[in-house]
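**Student:** Residue numbers (this note's numbering), protein chains in the order written: chain A, 1 to 165; chain B, 1 to 422.
Read the hints as simulated data drawn from the structure, not as lab findings. Don't be surprised by glycine CBs; every beta carbon is placed ideally from N, CA and C. Warning: the hint list may mix true and false statements.
No farther apart than 20 Å at their CA atoms in a straight line, the calculated lysine to aspartate or glutamate pairs in the DMTMM-like style are these [stated by the list, open to error]: (1) A:Lys43 - B:Glu47; (2) B:Lys71 - A:Glu32; (3) A:Lys159 - B:Asp90; (4) A:Lys159 - B:Asp393; (5) B:Lys156 - A:Glu32; (6) A:Lys146 - A:Asp113; (7) A:Lys151 - B:Asp393; (8) B:Lys80 - B:Asp90.
One-sided excerpt, in silico: chain B residues whose CB lies under 7 Å from chain A [what the hints assert, rightly or not]: (9) Ser75; (10) Gly140; (11) Thr142; (12) Gly184; (13) Met185; (14) Ile186; (15) Ala321; (16) Gly323; (17) Arg325; (18) Ile354; (19) Val386; (20) Val392.
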Amino acid sequence: MNAHGTVHKYGDHVDTDVIIPARYLNTQSHKELAAHCMEDIDKNFIHNVKEGDIMVAGVNFGCGSSREHAPVAIKASGISCVIAANFARIFYRNAINIGLAILECPAASAGIDNGDEVTVDFDTGVITDVTKGTTYQAEPFPPFIKDMIAKGGLMASLKDKEVTK
Amino acid sequence: MGMTMTQKILARHAGLDSVRAGQLIQARLDLVLGNDITTPVAINEFEAAGFSTVFDKSRIAMVMDHFAPNKDIKSATQCKQCRTFARRFDIDHFYDVGTMGIEHALLPEQGLVAPGEAVIGADSHTCTYGALGAFSTGVGSTDMGAAMAAGETWFKVPSAIQVNLTGKLRPYVSGKDVILTLIGMIGVDGARYQSIEFTGPGVANLTIYDRLTICNMAIEAGGKNGIFPVDDVTRVYVEGRVDRPWTAFEADPDAEYTRTIDIDLSQVDCTVAWPHLPENAHSAREGKDIAIDQIVIGSCTNGQLPDMAAAAAILKGHHLAKGVRGIIIPATQSVYRACMHEGYTDIFLDAGCIVSTPTCGPCLGGYMGILAAGERCVSTTNRNFVGRMGHVDSEVYLASPAVAAASGIAGHISHPEEVVSK
Chain A
1 MNAHGTVHKY GDHVDTDVII PARYLNTQSH KELAAHCMED IDKNFIHNVK EGDIMVAGVN
61 FGCGSSREHA PVAIKASGIS CVIAANFARI FYRNAINIGL AILECPAASA GIDNGDEVTV
121 DFDTGVITDV TKGTTYQAEP FPPFIKDMIA KGGLMASLKD KEVTK
Chain B
1 MGMTMTQKIL ARHAGLDSVR AGQLIQARLD LVLGNDITTP VAINEFEAAG FSTVFDKSRI
61 AMVMDHFAPN KDIKSATQCK QCRTFARRFD IDHFYDVGTM GIEHALLPEQ GLVAPGEAVI
121 GADSHTCTYG ALGAFSTGVG STDMGAAMAA GETWFKVPSA IQVNLTGKLR PYVSGKDVIL
181 TLIGMIGVDG ARYQSIEFTG PGVANLTIYD RLTICNMAIE AGGKNGIFPV DDVTRVYVEG
241 RVDRPWTAFE ADPDAEYTRT IDIDLSQVDC TVAWPHLPEN AHSAREGKDI AIDQIVIGSC
301 TNGQLPDMAA AAAILKGHHL AKGVRGIIIP ATQSVYRACM HEGYTDIFLD AGCIVSTPTC
361 GPCLGGYMGI LAAGERCVST TNRNFVGRMG HVDSEVYLAS PAVAAASGIA GHISHPEEVV
421 SK
């Protein structure tokens, strides 16, 4: 499991209201949500993002509302991985539950710039800034999270447990 | 090593004698909550996974409060999906227009949460019920969907920050000012992943409504939950609402806290959080140059009857400043009715305000008071993020009902003393 793409960089305390404003929460369509992803802080994001790109941000990414629509919008926009110095706890949980890869790495968050080309190896936790020729070590997913993502998220893993009971 | 109050509740629900911070546990849940925005996504997950039963129809609550009464066809469709699901599984606590209130005011009022219980809700302000000595925290829709089927969920046991309260609040100062002051001290990620446990002799001087407001905004400091010890104030509130047995948990004397913060309640003043983060705490006395266009008094943070009483006490005999719009939203049907009986509704209307049926509406920029570019609102809600109440170039200032009312009269951010002494 790997990611490779161009970086879209944001600052600290990116809240779920700017990731997907509440005025769009009257839909559950992933496509519609993605169309408005990040628009209140970056109107160009949705026009610039390409499948597989990587989002990098500072501390407390995803703070605020528990809306699962936020990680859904990021994933549906094409982003393959979010790297942040750290995440707000509900967002962290939601991202794993819906299968959006996320990594905590303060050094990568500080060192990587907007527009850099970055690769991520999820098995080892190694983040490589290809543009700058630098590497960073993040904590890879623990086994139970890897298992949950491999099975397709929380619901699928729960269903799996039900069957094997 | 001793356990915090939160850790004791989690241990009991996990069937363990003890737990420690960082431990991953599977815990039984007493209540699973969702609203009209998060429940449809949970239903989709529940149905896609092929579940055909809920774990307990009396332990699921669904409240149609965010975009209800429905603001548009899409919102109506989402509520209809919840209604259909609730009927299919005969959900006991389904609250629709006519019975609904803002979820975190409604559930305590209806006795759906008791001390010592464990609650998750697909809404970040589910942490409100810590005021009653319960463990409650916000989750996403997938967690809600899974919990509706399983009746349990996994948690990482949180470490805790202790907030030691002493003294007594001064006139016009409330729980809102305490929590805005605390967030100003520790920041919007100051309690990330942690419990905020309130202790000390000052606790007894806070009403249950002050405590509900304080715990409601634990999430705005990044907290997993906020929690108060159970005392006579809690017992008086719970009696007559909760008819099932409940347990009061106490932190061990040797419980471990990562830090202790002391707050002397007598030193807390009326506090306003400037845009665009709840940590931007200022004294209400600093706002003379900040002209405003709107006040909003209501929400899960400050929509209870004492909040309405505090606003009415300031607004009585006054009128909003020219050009200021006043939107008042009692949080539940019973609060709404009490506002009429107590004469608050007349005071609000005489002051030039409107009084709305319960809804989350303007707090999250849904409807019922959206701001245009350049407009400013003093609001008793909980978030002042960019674009939270409307246009990205609008501004939300978070404050108590007394400060919002005083600001509405003055036409700029104002301390209640500046208005009442006139």
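**Student:** Each hint should be assessed against the structure and marked as holding or not.
**Tutor:** We went through each hint and held it up to the structure:
{"no.": "1", "hint": "A:Lys43 - B:Glu47", "result": "violated (35 Å)"}
{"no.": "2", "hint": "B:Lys71 - A:Glu32", "result": "holds (18 Å)"}
{"no.": "3", "hint": "A:Lys159 - B:Asp90", "result": "violated (23 Å)"}
{"no.": "4", "hint": "A:Lys159 - B:Asp393", "result": "violated (45 Å)"}
{"no.": "5", "hint": "B:Lys156 - A:Glu32", "result": "violated (33 Å)"}
{"no.": "6", "hint": "A:Lys146 - A:Asp113", "result": "violated (28 Å)"}
{"no.": "7", "hint": "A:Lys151 - B:Asp393", "result": "violated (43 Å)"}
{"no.": "8", "hint": "B:Lys80 - B:Asp90", "result": "holds (15 Å)"}
{"no.": "9", "hint": "Ser75", "result": "holds (5 Å)"}
{"no.": "10", "hint": "Gly140", "result": "holds (4 Å)"}
{"no.": "11", "hint": "Thr142", "result": "holds (4 Å)"}
{"no.": "12", "hint": "Gly184", "result": "violated (15 Å)"}
{"no.": "13", "hint": "Met185", "result": "violated (16 Å)"}
{"no.": "14", "hint": "Ile186", "result": "violated (12 Å)"}
{"no.": "15", "hint": "Ala321", "result": "violated (28 Å)"}
{"no.": "16", "hint": "Gly323", "result": "violated (25 Å)"}
{"no.": "17", "hint": "Arg325", "result": "violated (19 Å)"}
{"no.": "18", "hint": "Ile354", "result": "violated (21 Å)"}
{"no.": "19", "hint": "Val386", "result": "holds (6 Å)"}
{"no.": "20", "hint": "Val392", "result": "holds (5 Å)"}
In summary, the numbered hints that this structure violates are 1, 3, 4, 5, 6, 7, 12, 13, 14, 15, 16, 17 and 18.
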